[in-house]
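Using the sequences and the hints, build the whole thing.
Number of protein chains: 2
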Amino acid sequence: MTPEEFRHYGHEVVDWIADYWANLEALPVSPDLRPGEIAARLPERAPETGEDFAAVLADLDRVITPGLTHWQHPAFFGYFPANTSGPSVLGDLVSAGMGVQGMLWSTSPAATEVETVVLDWLADLLDLPARFHSTGTGGGVIQDSASSAALVATLAALHRVSGGAWRRSGVRERYTVYTSTQAHSSIEKAARLAGIGDENVRLVEVDQDFAMRPDALRAALDADRVSGATPALVVATIGTTSTTAIDPLPAIGKICQEYGVWLHVDAAYAGAAAVCPELRWSHAGVEYADSYCFDPHKWLLTGFDCDAFWLADRAELVQTLTVLPEFLRNAATESGEVIDYRDWQVPLGRRFRALKLWFVLRWYGAEGLRAHIRRCVATAQRFAEWVRADERFEVVAPHPFSLVCFRLRGSDGPNEKLLRAVNATGRAFLTHTKVDGRYVLRLAVGAPSTEERHAAATWKLIQATVDTE
Amino acid sequence: MTPEEFRHYGHEVVDWIADYWANLEALPVSPDLRPGEIAARLPERAPETGEDFAAVLADLDRVITPGLTHWQHPAFFGYFPANTSGPSVLGDLVSAGMGVQGMLWSTSPAATEVETVVLDWLADLLDLPARFHSTGTGGGVIQDSASSAALVATLAALHRVSGGAWRRSGVRERYTVYTSTQAHSSIEKAARLAGIGDENVRLVEVDQDFAMRPDALRAALDADRVSGATPALVVATIGTTSTTAIDPLPAIGKICQEYGVWLHVDAAYAGAAAVCPELRWSHAGVEYADSYCFDPHKWLLTGFDCDAFWLADRAELVQTLTVLPEFLRNAATESGEVIDYRDWQVPLGRRFRALKLWFVLRWYGAEGLRAHIRRCVATAQRFAEWVRADERFEVVAPHPFSLVCFRLRGSDGPNEKLLRAVNATGRAFLTHTKVDGRYVLRLAVGAPSTEERHAAATWKLIQATVDTE
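Note that the protein sequences, when read in sequence, are chains A and B. Going by my numbering, the first sequence opens with residue 1, and the numbers climb by one from there. Going by my numbering, the second sequence opens with residue 1001, and the numbers climb by one from there.
Derived by calculation from the structure, the hints in this document are not laboratory data. Each residue gets a CB set at the ideal place from its N, CA and C atoms; glycine is no exception. Among the clues, some could well be false.
[To be verified] Just some of the chain A residues that point at chain B, by a computed CB distance under 7 Å:
1) Leu93
2) Gly164
3) Arg167
4) Val206
[Said to hold, decoys possible] The following label-pair restraints were derived from C-beta to C-beta distances:
5) A:Arg382 / B:Thr1049: 44 to 50 Å
6) A:Ser227 / B:Trp1281: 54 to 60 Å
7) A:Asp467 / B:Gln1319: 42 to 48 Å
8) A:Gly164 / B:His1011: 49 to 55 Å
Here's what the structure looks like:
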C-alpha cells in the first residue's frame, strides 16, 4: 500500500470510526450470538490474491460490529471500564505509523525519553511519592496490563528476598505471597507463573468493608515464618475488582517494613481517581510501596494497553530481568546514562505506547481528566441513591469511586435472572460478582460518553425488569 | 473529543503519517543524540488545561521525529526488521477505535473468533502441521512477542512434566531447559522468570553452520538426568538471531519424543519465509513441535505486536494458566464451547490484534506476501554476492533468508569502526553480532519500502567508508 493509498483509505477508516462512535448509542451493547456464528461468516482460507480495501471495510459492518460487546457504549457498565478517547486513538495511530521499536534507548531515543517524562508527569498528577520519580532512584514504565505489572513485581521481590540467588538457581525454597481474599486473580496467576505455586499464596481475610485486615496479615506472615517459608511479597489493593475496597496501606506498609517484605500496590482501576485531590485519601500510605501500578487504560481515557507501573528502585528491576546478548550491545547502554525499557518488562520488543498517553494528557490537561473522573463518580453516587430509595434493593458495599454493587434483597436466583434479562435487552450491560457469598450486580461508570441519563435509563430498565417478572 | 473532532484531527494524523512515509527516505535512518536531549524539549509537568491538537501535532515534528531510529526507512537494515504496512496500521486503527476487550469470548465474540480463524489461515499459509489447527485439539493465538510465547511454552512444559504439581506447589525440583548457544536471549529470560534459574539453562553446542548439534543435546539431557534434574523443555530455532541458522528439527524432535520433553520451536523471524513453498525446507520436522511461534510483526508486513503462537494441545495451556474468579464467570465459558484467550497468555486483558493481521492477509493475499518475502530474499542474496566479490570482505555464515552476516577480514577493530562510521552517516543502519567470537556486521532486509537500489547504495557506502579509512 503506497503512502497515497494509505492517505485515501486512512480517511475512510477515520470516517468509519467517527460514524461508529456517533451511532454507538443505537447499537445493542452486547450481541446475542451462538459460539461459531462469526467464524462461519469468514472463508476457510486466506485469499490467494489481494482484495479491494472496500471489501475489507464492508466486512467491518457485516462480520465484526455485530459480533462485538461495545465497551465504549454509553450504557456499558460491565467489569471495569476499558475506556479510550479520540486523542488516545490518534496517539496510537501515530505510533503504529512510525512503527519504531523502543526496546533499547538507542533503538529510538524518543520512545524511551517521552515515556520516562510522561510517567513522571503522571506521578505528579496523582501526587505519588517522590521516590517513584525518575529524577531519583525510581521511575515509571508502561506495562501492557496490571497482570504483567504484578508479575514483574513478584519477580523483583524474589530477586530481593533471595539476595540475587533466585536469578541463578531458580526457586529453590518455599516463598509465600500475601494478598486479600478480594484481590485480583492476576496476583495468584503471577505467583504461579513465577514458580511460587498456588498453595503458597495467602488470601488474607478482610474486614466488614472488604479491606485487608492488618492483624490477619501479620498472623499469616508469622505462621509462614514459623513453618520455614520465606515471605516474599505483599500485594495490597486500592479499589478491589469486586467492590473497590481499599486495603489500609499505612498499617500494611508498616508491617511490610517490619518483616522486610516487598509491598506492591495494585490500584489498577482506582489509581486514576488520585488525579482528584478530594479522592487522594484512598492513596494514604502509598509511600510504603516498593512498586505501584494503575491502568490509564481503565478509567483515564487511554486505550488498552497502558498500565503505568512505578518502582522506588529501578536498578533492582533491571537486575531482576536483564539478559544482555551481543546483538543488543550498544554504546548508549554501556554508558549507563540511559534507560533500556526491555529490562523493565517480560517481552523484549515494545511499541511507542507513551505517545497515546502524551496525547491524552495534553488534549485533556489535568483539569479535563479530573472533570472526567468527577463526572463518573457523581453518576455512580446518584445511581446508588436510586437503588437505596427502592426498598426491594440493597447496596452491598461502600462505593467511593464509580462502581456500585447492589442486589435484590433475598436469594441469588432472582438476581441472576435480573442480570440476564437486563443484558438480553441490549440496552445496558452489567456484570456480577459475589460478595459474602451472595450474588451481586455491579454497575461501573467509566465510558467518556456515559451521561447521567444513561445511568438513569438503566436504573429504570432494571426496575421495569423486576416489575414484569 | 467528539466524533466530529476526531474525524477532523484523524484526517490530519493520517495525512501526517502518509507524508512521513513518503518523505522517510530523506531522513537520517538513526539520530545523533545525547541522552536527555529529547526529554529536555518537554515541559516539566503535564498541562493544567487542555492544549490545541495543532500544538500536539506540531510537536511530532519538533520533538519526536528527530528522536527516532526509523525502523520503516528503506535503508534500515538493523536487528531483524519490525515492519508494518498500510493495511496493518489501518487494522490497528479500527481496533483502537472499537476499544473492545477480547479477554473472554463473551467480552466480544468477534475478537476471539476472528483471531482463531485468522490463525488457522496463517497456519495453512505456512503449511504448518494439522495438529496446530483449531479444528482439532490445537489452536493459535496472538502473543505480544516471541519472548512471551517462549514464557508460556516454558510454563506449559513445567505443567506437563510435573504432572500438574507445579501449578499447586511451584518449582519444587531442579528443572532444565535446552537451547542452542545461538538461541535468542528470551529463552534464558523465560527460564529465569519461570523460576528455573539461569544455571539450569543448557546452551547446547552448534555445528559449523551454527545449528544445534543433536548429539550434544542428547549428551546434555543424559548428564542432567544422571545428576537428578528433570529436563522440561527443548527450544529449537528456525532462523537464529545472529545468523539465521536452522536447528535440525527432525533429529531434535525424535530426541524430544524419546526423552518425553516439550519441544518449542522459535521461528520468530524466519517463520514468515514458510509462506513460500521453496523456503519450506527450513521447517522440516516442525511436526514434532508441541508449540511453535513466529512474528508476523517482524517480516510479514504486520505491525508490532503480533506474535503468532500455536500449540498441539490447547487444553494443556489452559490448564497451565487459568485462574477463574467469580467476576469473570459467564455462561459461554461454562458451556465449554468457546475459547477464552485470557487463559492462553500472561495478561488478562487483550486488544483485538487479529484485525490488523486479517487486514494484511486480505489486502496482500497469499501471493502478495510471497512476493514480499521473495523480494527481500533476492535483495539479500545480491548483497551477499557483492560482499563476496570484494576480497577485503568475507561472508561468515549461511544466509538462506534475508540476513547477511559479513565482515572485513582480519581483526575486530576495523569492523567496529566501520559499523560506527556507516551508521553515523544516517544513510543506512546496520547492527552487529559476534560469530565464533569475531565481530560481525549484520544486514537484514525487511522493510516493504526497501528496494535493491537501497541495498546497493548501502554496499557502496560501506566500500567507500573502508576506502577512506
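Original post:
Checking against the hints above, which ones are violated?
Top reply: 2, 4, 5
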